[in-house]
Structure formats: C-alpha cells, structure tokens
Amino acid sequence: MKRQMVLRVVGKLFIPYMLLFALYVQFHGDFGPGGGFQAGVIAAAAIILYALIFGLPAARRLAPDPIVEAMVALGVLLFAGVGVAGIVLGGNYLDYFVLDGDPVAGQHRGIFWVEAGVGITVTGVMLKIFYMFAGRGRSLDER
Amino acid sequence: MTLAHLPALVVVVPLLAAPLVVLVRRAAAAWAIATAACAFSFAAAILLSAEVAAHGPMSYHLGNWPPPWGIEYRVDALSAFVLVLVSGIGTASALYAWRSAAAELSRDQLYLYYVMHCLCVAGLLGMTVTGDAFNLFVFMEIASLSSYVLIALGRDRRALLAAYQYLILGTIGATFYVIGVGLLYLATGTLNIADLAERLPQTASTRAVLAALAFITVGVSLKLALFPLHFWLPNAYAYAPSAVTALLAATATKVSVYVLLRFYFGVFGLRLVTETLPMAEILLVLSLIAIVTASLVALWQENLKRLFAYSSVAQIGYITLGVSMASPDGLTAAVVHLFNHGITKGALFLLLGGVALRAGGATMGSVQGLGRRMPLTSLAIVIAGLSLIGVPGTAGFVSKWYLVLGAIEAGRWWLAGFVVATSLIAVAYVWRFVEAAYLSEPGPATPGRGEAPAAMLAPALALAAACVFFGLQTSWTVGSARRAAELLLGGVP
Amino acid sequence: MSAFGHYSYWITVLLMVAGLYIVIARGNLIKKLVGLSIFQTSVYLLYIAPGKLIGGTAPIIADGFRLYTNPLPHVLILTAIVVGVATLALGLAIAVRIREAYGSIEEDEILAADRDSGGGA
Chain A
134 MKRQMVLRVV GKLFIPYMLL FALYVQFHGD FGPGGGFQAG VIAAAAIILY
184 ALIFGLPAAR RLAPDPIVEA MVALGVLLFA GVGVAGIVLG GNYLDYFVLD
234 GDPVAGQHRG IFWVEAGVGI TVTGVMLKIF YMFAGRGRSL DER
Chain B
39 MTLAHLPALV VVVPLLAAPL VVLVRRAAAA WAIATAACAF SFAAAILLSA
89 EVAAHGPMSY HLGNWPPPWG IEYRVDALSA FVLVLVSGIG TASALYAWRS
139 AAAELSRDQL YLYYVMHCLC VAGLLGMTVT GDAFNLFVFM EIASLSSYVL
189 IALGRDRRAL LAAYQYLILG TIGATFYVIG VGLLYLATGT LNIADLAERL
239 PQTASTRAVL AALAFITVGV SLKLALFPLH FWLPNAYAYA PSAVTALLAA
289 TATKVSVYVL LRFYFGVFGL RLVTETLPMA EILLVLSLIA IVTASLVALW
339 QENLKRLFAY SSVAQIGYIT LGVSMASPDG LTAAVVHLFN HGITKGALFL
389 LLGGVALRAG GATMGSVQGL GRRMPLTSLA IVIAGLSLIG VPGTAGFVSK
439 WYLVLGAIEA GRWWLAGFVV ATSLIAVAYV WRFVEAAYLS EPGPATPGRG
489 EAPAAMLAPA LALAAACVFF GLQTSWTVGS ARRAAELLLG GVP
Chain C
199 MSAFGHYSYW ITVLLMVAGL YIVIARGNLI KKLVGLSIFQ TSVYLLYIAP
249 GKLIGGTAPI IADGFRLYTN PLPHVLILTA IVVGVATLAL GLAIAVRIRE
299 AYGSIEEDEI LAADRDSGGG A
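Chains as they are written, first to last, in this note's numbering: chain A, 134 to 276; chain B, 39 to 531; chain C, 199 to 319.
The set of hints was computed from the structure by calculation and includes no laboratory data. Don't be surprised by glycine CBs; every beta carbon is placed ideally from N, CA and C. Be careful, since some hints might not be right.
[What the hints assert, rightly or not] In silico SDA-like links for lysine to any residue, alpha-carbon gap of 20 Å or less:
#1 A:K261 with B:L61
#2 C:K250 with A:F266
#3 A:K261 with A:V174
#4 A:K145 with A:P166
#5 A:K261 with C:A291
#6 C:K250 with B:L322
#7 C:K250 with C:I209
#8 A:K261 with A:L207
#9 C:K250 with C:K229
#10 A:K261 with A:G165
#11 A:K261 with B:D146
#12 C:K229 with B:L207
#13 A:K145 with A:L195
#14 A:K261 with B:L150
#15 A:K261 with B:R63
#16 C:K229 with A:G165
#17 A:K261 with C:V280
#18 C:K229 with C:Y219
#19 C:K250 with A:A184
#20 A:K261 with C:K250
#21 A:K261 with C:I279
#22 A:K261 with C:L290
#23 A:K261 with C:A223
#24 A:K261 with A:V221
#25 A:K261 with A:D233
#26 A:K261 with A:P166
#27 A:K145 with A:A184
#28 C:K250 with C:G225
#29 A:K261 with C:Y219
#30 C:K250 with C:Y266
#31 C:K250 with B:A225
#32 A:K261 with B:A225
#33 A:K261 with C:A287
[As the list claims (entries may be wrong)] If you anchor each label on the Cβ, the simulated ranges turn out as follows:
#34 B:L315 with C:I222: 52 to 62 Å
#35 B:T244 with C:L251: 23 to 33 Å
#36 B:I327 with C:I228: 29 to 39 Å
#37 B:L85 with C:R313: 48 to 58 Å
#38 C:V232 with B:S144: 28 to 38 Å
#39 B:T314 with C:V273: 46 to 56 Å
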C-alpha cells in the first residue's frame with residue numbers, strides 16, 4: 134500500500150498523534166480512565182498502522198524484533214520489581230505505602246511504575262503477536 | 039523476616055525468572071535460571087510446610103491491603119502439602135529438561151521452553167497459595183496457557199492438535215469456573231475464599247449459589263480430567279515433550295483437585311455439597327466409571343505414554359472417590375493419593391522419556407527385552423508401576439489403604455472390595471510392561487545397551503526412590519494429609 | 199419483577215449458549231475460536247452489567263455525589279479480557295501451525311489425515 138498517496142499522508146499525519154495519545158492515556162490513568170493496558174494497545178496500534186501502510190520490513194526496522202521481545206520481558210520485570218522493592222523497603226510484596234515517606238505519595242509512585250511496566254509489556258506483546266502472524270503468512274507466500 | 043515473605047516469594051521467584059530467561063536467551067543460562075527458581079520454590083515450600091506444621095496457617099496480605107479487600111495468600115496444611123509436590127516436580131522436570139528438552143526441541147526454541155516451564159510452575163503454585171477466588175482464575179490461566187504452549191512444542195504434529203483441543207476444553211473449563219465465581223460474587227459481594235465461606239450461609243439467593251456450585255464443579259472437573267471430561271488428556275500427555283508430560287501429569291490435574299477440595303469444603307461447606315445437591319453420589323459414580331473404563335482402555339494401548347495417560351484418568355478417579363466419601367479417612371486418602379500419585383506418575387513419565395529418547399518412541403515394541411538393555415530404567419519403571427498398583431511397601435499402597443479404611447468406616451464393604459479388585463486391572467497393564475521388558479527377547483525397535491543420560495536418569499530415579507521412601511516412611515505424607523483433612527472438614531460447620 | 203426486567207442477564211445467557219454451541223457444533227478450528235471468544239465475552243457482561251448502578255458515577259469521593267458504580271468488576275474483567283486475548287492469540291497461533299502441518303483447518307479432515315498416517319487412537 135506504499136504507493137497510495139492518501140494512505141501515506143494520512144498515516145504520517147495520524148501516527149505521531151496516536152503515539153502522543155497513548156502517552157496521554159498512560160499518564161492520565163492517575164486521574165481518570167486510562168492506564169497501561171489501553172496505552173500499550175494504542176501505541177502498538179500506531180506501529181501496526183505504520184506496518185500496514187509501509188510494509189512489515191519497514192515496521193521491523195522501526196521497532197526491531199529483539200527490542201520488542203525485550204520490552205515484553207522488561208515490563209514484567211518492572212512490575213515485579215516494584216513488588217520486590219516493597220519487600221526491600223520493609224513492607225509486603227507490592228506494598229506501595231512504603232515506597233515514599235508519605236503513604237499517599239507512595240501509592241502514587243507505586244502505581245505509576247506498575248502502569249509503566251504494564252504499558253511497556255502490552256506494547257511489546259501486541260507488536261510481537263502482530264509480527265508473528267504477519268511474518269508467518271509472508272514466508273509461506275514466498276515459498 | 040524472610041520467612042514471613044515466603045508465601046509471596048514462592049510464586050514470585052519463578053514468575054520473575056520467566057522474563058529474565060527471555061532477556062538472557064542463551065539455553066544454558068535459561069536452564070540455570072529456571073532450575074534455580076524452581077529449586078528456590080521447592081526449598082521455600084518445604085520451609086513453609088514445616089512452619090505451618092509448627093505454628094498453624096500463615097496469611098500474607100499482598101500490597102498490605104487486609105483481606106477481604108486485598109488479595110490474601112494463605113498457606114495452611116493442605117496448600118503447603120500441594121506446594122511441596124508442585125515445586126518438587128517442577129524442579130525435577132527442570133533438571134531433566136537439560137538433556138531431554140535439548141534432544142526434543144530446536145535450539146532457538148529452548149529458552150522459550152524454560153520461560154513456559156517457569157510460568158507453568160508459577161501459575162500452579164499461585165493457584166495453590168492464593169486465598170482469592172478470582173486471583174485463582176488468573177493463575178489457572180497462566181498455568182493453562184503455558185501448558186498449551188508446552189504441549190504444542192511436541193515433535194509430532196499431533197501434539198498441535200492435542201494442544202488445540204486442550205486449549206478449547208481448558209478455556210471452557212476456566213470460563214465455567216469464572217462464571218461460578220461471578221455468581222458467588224453477585225450473591226455475596228466478596229471474592230476472598232475465607233470470607234466467601236463466612237458469608238455464604240447468610241445469603242438469600244440459594245439458587246445462584248447452587249448454580250455457582252454446578253459451574254465450578256464442571257469447570258474444575260474439566261481441568262482435573264474427571265470422567266467423562268477427560269478427552270483432552272490422553273493425547274496431550276502422549277504427544278507433549280517428555281519433561282512436559284511428567285510436569286503436567288504430576289501437578290496440573292492435582293492442583294485442580296486441590297481447587298475442588300477448597301471450594302467443596304472451604305467455601306460451599308459439607309451441607310450444601312452433600313445434602314442440598316447429591317454431589318457426593320455423583321462424584322462417587324463418576325469416579326467408579328472413571329476407574330473401570332480408563333483402566334480397561336489403558337490395557338489395550340500400544341503407546342506407553344498413552345497407556346499411563348489413561349491410567350492417570352483412572353487414578354484421578356481414586357482421588358475423587360476419596361473426595362466423595364467426605365470423611366476424615368476418605369479425605370486423607372484423597373490428599374495423600376494426590377501426592378503419591380503425583381510422584382509415581384512423575385517418575386513413570388520421566389523414565390519413559392528416557393526410553394523414548396534412546397528408542398525414538400515409547401511403545402510396547404520398543405521396550406521388548408528392555409530389562410537387559412536399560413536395566414536401571416526398567417527396574418525403576420517396575421517399582422513405580424508397583425506403586426501405581428498399590429503394592430505394600432510403595433507409596434501407592436498407603437493411599438489405597440486409607441481409601442479402603444474410609445470405605446469400611448462408611449460401612450461400604452463393596453466399595454473396599456471394588457478398590458482392591460480394580461487394582462488388579464492396574465496389575466494387568468503393569469504386567470504387560472514386565473512381560474515385554476523381562477520375558478521377551480529384544481526386538482528390532484529395542485534400543486541398544488546403555489541407560490539414558492545421567493541428567494535425565496537422576497531426577498527420574500530420585501522420584502522412583504521417593505515412591506518407595508514414602509511407602510515406608512509415611513509419617514510426613516499421612517500426617518500432612520490427616521491435618522489437611524481435619525482442616526477441610528473442620529473449616530466450615 | 200417481569201421476566202424481562204433483567205434483560206442484561208438474558209443477553210448474557212444468550213451469548214453464553216450461542217458461544218458454547220459454536221464451539222461444539224463447528225468443525226472449523228477458527229470458527230471454534232470465534233465461538234470461544236463469544237462465550238468468554240458473555241462472562242465479561244455477567245460481571246460488568248450488575249456492577250452498573252443507574253445514575254451512579256465513577257467511584258471518586260466528591261461533593262454532590264452519593265451513588266457510585268462498583269469499580270471492582272471492571273478491574274477483574276480488564277484482567278479477564280487480557281486472558282481472553284492471550285487465549286485467542288495462542289489458539290490462532292496453534293491453528294496456523296496446524297494449517298502448516300496438515301494443510302487444513304477442518305477438524306474432520308485433520309483427524310482423517312491422522313488416521314491415514316497410521317496414528318491416532
């Protein structure tokens with residue numbers, strides 16, 4: 134679909150705002166509806182849209198496979214790491230109260246990092262699933 | 039200080055190991071991390087078991103939110119016992135995978151295998167330790183999804199179909215379970231298992247509670263492969279990689295039995311389960327059919343993995359038979375058989391994996407004359423087979439003994455006779471192996487002289503030795519099971 | 199209370215039964231997964247719909263609001279949706295692999311292929 138002028142222009146116009154919107158949803162999760170799951174899916178959707186218009190190889194150059202796979206693992210590690218930090222600082226597992234001198238600020242800090250971990254993992258997982266399915270069909274066609 | 043955190047760490051460490059393995063990718067490092075994590079959980083489970091025996095149940099509040107609002111991890115006599123089984127088999131299977139998985143999988147898949155192994159063990163441990171009904175569902179799906187992947191890694195293309203069928207049935211089972219939990223939540227407004235037990239007697243909507251009981255029973259029965267919901271099991275066990283078969287056969291169905299026990303006796307209570315609905319009678323009849331039909335089907339199998347898979351369905355029948363008695367002896371039998379059958383089947387499938395590696399498949403043809411070619415392996419298979427039958431001096435005898443005691447205590451002499459008589463069918467299918475291995479000449483499919491690699495043989499022999507050890511030294515297993523049975527029967531009035 | 203008073207339950211049960219029927223009755227592996235997804239979706243509705251109070255607002259304590267919608271079912275179902283997506287993705291992935299190994303995604307054709315190759319039960 135690379136030759137479709139309309140798609141290319143509209144895509145280029147939309148993708149930056151989609152990524153921006155993902156960040157908005159991610160950080161607005163503190164105050165209203167939003168959070169890591171939704172943000173991760175939106176961010177992945179931006180890159181998947183890019184892949185649909187400019188082709189899978191281009192998307193793989195933008196977000197290479199090793200990085201995507203590392204994102205899947207790093208997000209989970211970040212989430213679990215926040216939990217372990219709770220133990221290290223003298224609380225229970227996933228205890229946010231002890232993450233800051235002020236318990237409310239601690240809760241805020243805890244959920245911020247946990248949601249960051251969720252966002253990273255969800256982006257990684259959605260992209261990985263897309264790459265796997267899209268890449269698989271391609272190799273079959275070429276055979 | 040650390041001891042107090044063990045209820046969480048026993049699950050978190052294997053869960054954390056999974057993303058670490060993804061990051062390191064190298065097969066040797068992946069194996070080391072996965073094995074270390076499982077071994078840590080095993081040590082933690084043993085410590086927890088000792089702690090619970092000495093000081094009573096432990097409760098851990100995740101995020102320091104007290105139950106029933108927060109998620110509670112609860113370790114008592116029953117869950118500590120199951121934790122030891124799951125983490126022990128997980129460790130044995132991880133050690134075994136060093137050579138076994140390397141032989142059966144392609145190199146670039148190996149680290150993914152260890153990721154899934156860690157997730158599966160973490161999920162099963164989480165199911166055991168959690169005190170929250172919905173959290174249990176999440177862990178159930180973590181364990182199930184990873185086991186679908188593990189089964190699909192089998193070399194035969196039929197492994198794919200087996201994994202697909204298990205995925206469909208397993209998801210239906212888990213969804214039924216979550217429907218049941220949803221109905222309970224609507225009726226009581228709580229998800230904490232202990233809190234549910236307290237609030238259920240006060241609820242007005244008994245119809246919803248009965249529906250929840252039915253949904254949870256069917257859902258969990260699918261997971262534990264209770265006859266007639268066992269169709270996914272034989273193919274899944276037969277075509278999965280050897281280390282996976284041992285892991286799943288020894289733990290996955292057992293943890294589901296644990297969930298059933300928890301809900302029957304820890305949430306719904308005896309009165310609802312046995313008096314309002316005839317669950318005991320239904321379980322009894324299904325268990326009897328499972329024992330007879332699955333044992334008979336096992337008799338005709340040529341593939342040894344399939345043979346022992348059908349035997350698993352029958353042995354699960356003995357466990358649910360104990361559950362259906364709902365008496366101290368019956369429940370002791372169920373809980374202790376859960377453990378004893380776990381180590382017996384674990385040993386058998388690990389040993390068969392060794393045969394399959396050397397012969398290219400574990401069929402009746404490939405074990406002809408095996409007694410001379412792989413003497414240690416055949417001897418260990420026979421010992422584990424004796425435990426499966428329930429010969430005195432092996433672990434299987436202990437559980438059958440309590441099952442017979444429970445039947446006599448309930449005044450059902452015919453049931454005691456039935457347990458003994460059906461053990462004869464097990465004698466028949468184990469005899470088929472003995473006949474092939476010791477009384478036949480080696481055939482063209484028999485492997486040459488030599489045992490399986492030491493890294494595979496050692497964990498398998500350790501489990502086979504455990505079958506004998508726990509047959510002679512019963513104080514820990516029976517003591518734990520007895521305490522668990524008292525806890526289950528005394529937990530709810 | 200009339201039989202249609204709680205119409206959300208009717209919709210839930212309808213979806214549940216329809217999904218389960220598709221899983222059982224269809225031989226196509228992809229259609230089975232579609233049915234499975236519908237079945238799971240009905241459970242989302244089972245949890246979410248009773249959590250909604252007419253006139254209730256988001257559970258943030260503020261002046262002038264007394265009626266709050268229960269947020270817990272939403273959180274639970276967010277988790278269940280993720281589980282559902284993971285199941286669907288894995289199911290489809292296995293279906294792709296089955297297609298590559300057998301050249302078909304019809305259950306009867308696959309079983310027949312296994313019978314011909316001398317395997318099966």
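Here is what the structure says about each hint:
The suggested pairing of K261 of chain A with L61 of chain B holds, with an alpha-carbon distance near 15 Å, which does not exceed 20 Å. Restraint check for K250 of chain C and F266 of chain A: not satisfied, since their Cα atoms lie roughly 37 Å apart, outside the 20 Å limit. Straight-line distance between C-alpha atoms of K261 of chain A and V174 of chain A comes to about 12 Å, which keeps the hinted pair within the 20 Å bound. For the hint pairing K145 of chain A with P166 of chain A, the CA-to-CA distance comes to about 27 Å; that exceeds 20 Å, so the pair is violated.
As the CA atoms of K261 of chain A and A291 of chain C are separated by approximately 12 Å, the hinted pair is consistent with the 20 Å bound. For the suggested pair K250 of chain C and L322 of chain B, the alpha carbons sit about 42 Å apart, so the restraint of at most 20 Å is broken. For a cut-off of 20 Å, the pair hint linking K250 of chain C to I209 of chain C stands: about 16 Å separates their Cα positions. For the given pair, K261 of chain A sits about 14 Å from L207 of chain A by alpha-carbon distance, which is consistent with the 20 Å threshold.
At roughly 32 Å between alpha-carbon atoms, K250 of chain C and K229 of chain C are farther apart than 20 Å, so this suggested pair is violated. Restraint check for K261 of chain A and G165 of chain A: the C-alpha separation of about 29 Å exceeds 20 Å, so the hint is violated. Distance restraint check for K261 of chain A and D146 of chain B: the Cα-Cα separation of roughly 16 Å lies within the 20 Å cut-off, and the hinted pair is therefore satisfied. At roughly 15 Å between alpha-carbon atoms, K229 of chain C and L207 of chain B fall within 20 Å of each other, so this suggested pair holds.
About 14 Å separates the Cα atoms of K145 of chain A and L195 of chain A, which keeps this hinted pair within 20 Å; it holds. For the hint linking K261 of chain A to L150 of chain B, the alpha-carbon distance of about 14 Å falls within 20 Å, and the restraint holds. The suggested pairing of K261 of chain A with R63 of chain B holds, with an alpha-carbon distance near 16 Å, which does not exceed 20 Å. Pair hint K229 of chain C plus G165 of chain A does not hold up; C-alpha atoms about 37 Å apart against a cutoff of 20 Å.
A C-alpha spacing of about 15 Å is found between K261 of chain A and V280 of chain C, which places the hinted pair at or below 20 Å, so the restraint holds. The straight-line distance between the Cα atoms of K229 of chain C and Y219 of chain C is roughly 11 Å, inside the 20 Å bound, and the hint therefore holds. With a CA separation close to 39 Å, the supplied pair K250 of chain C and A184 of chain A exceeds the 20 Å bound. For the given pair, K261 of chain A sits about 35 Å from K250 of chain C by alpha-carbon distance, which is inconsistent with the 20 Å threshold.
Distance restraint check for K261 of chain A and I279 of chain C: the Cα-Cα separation of roughly 18 Å lies within the 20 Å cut-off, and the hinted pair is therefore satisfied. Between K261 of chain A and L290 of chain C the CA atoms are separated by roughly 14 Å; this keeps the pair inside 20 Å, and the hint holds. Between K261 of chain A and A223 of chain C the CA atoms are separated by roughly 32 Å; this puts the pair beyond 20 Å, and the hint is violated. Between K261 of chain A and V221 of chain A the alpha-carbon distance is near 33 Å, which puts this suggested pair outside the 20 Å criterion.
Annotation: proposed proximity of K261 of chain A to D233 of chain A is violated, straight-line Cα distance about 35 Å (limit 20 Å). Note on K261 of chain A and P166 of chain A: the hinted pairing is violated, with a Cα-Cα distance of about 26 Å set against a maximum of 20 Å. Distance check on the hinted pair: K145 of chain A and A184 of chain A sit about 12 Å apart at the alpha-carbon level, within 20 Å; holds. This hinted pair does not check out: K250 of chain C and G225 of chain C have alpha carbons roughly 38 Å apart, beyond 20 Å.
Distance restraint check for K261 of chain A and Y219 of chain C: the Cα-Cα separation of roughly 32 Å exceeds the 20 Å cut-off, and the hinted pair is therefore not satisfied. Simply put, K250 of chain C and Y266 of chain C have alpha-carbon atoms about 9 Å apart, close enough for the 20 Å limit, and the pair holds. For a cut-off of 20 Å, the pair hint linking K250 of chain C to A225 of chain B stands: about 15 Å separates their Cα positions. At most 20 Å may separate the alpha-carbon atoms for a hinted pair to count; K261 of chain A and A225 of chain B exceed this at roughly 40 Å.
For the suggested pair K261 of chain A and A287 of chain C, the alpha carbons sit about 11 Å apart, so the restraint of at most 20 Å is met. One distance hint, 52 to 62 Å for the beta-carbon pair L315 of chain B and I222 of chain C, is violated here, with the actual separation near 25 Å. Between T244 of chain B and L251 of chain C the Cβ separation comes to about 25 Å, which falls inside the hinted range of 23 to 33 Å. Evaluation of the 29 to 39 Å hint for I327 of chain B and I228 of chain C yields a pass: the beta carbon distance comes to about 34 Å.
Against the hinted window of 48 to 58 Å, the Cβ-Cβ separation of L85 of chain B and R313 of chain C comes to about 52 Å, which satisfies the hint. Under the hint 28 to 38 Å, the C-beta atoms of V232 of chain C and S144 of chain B, about 31 Å apart, fit the expected range. Remark: the range hint 46 to 56 Å for T314 of chain B to V273 of chain C is contradicted by a beta-carbon distance near 32 Å.
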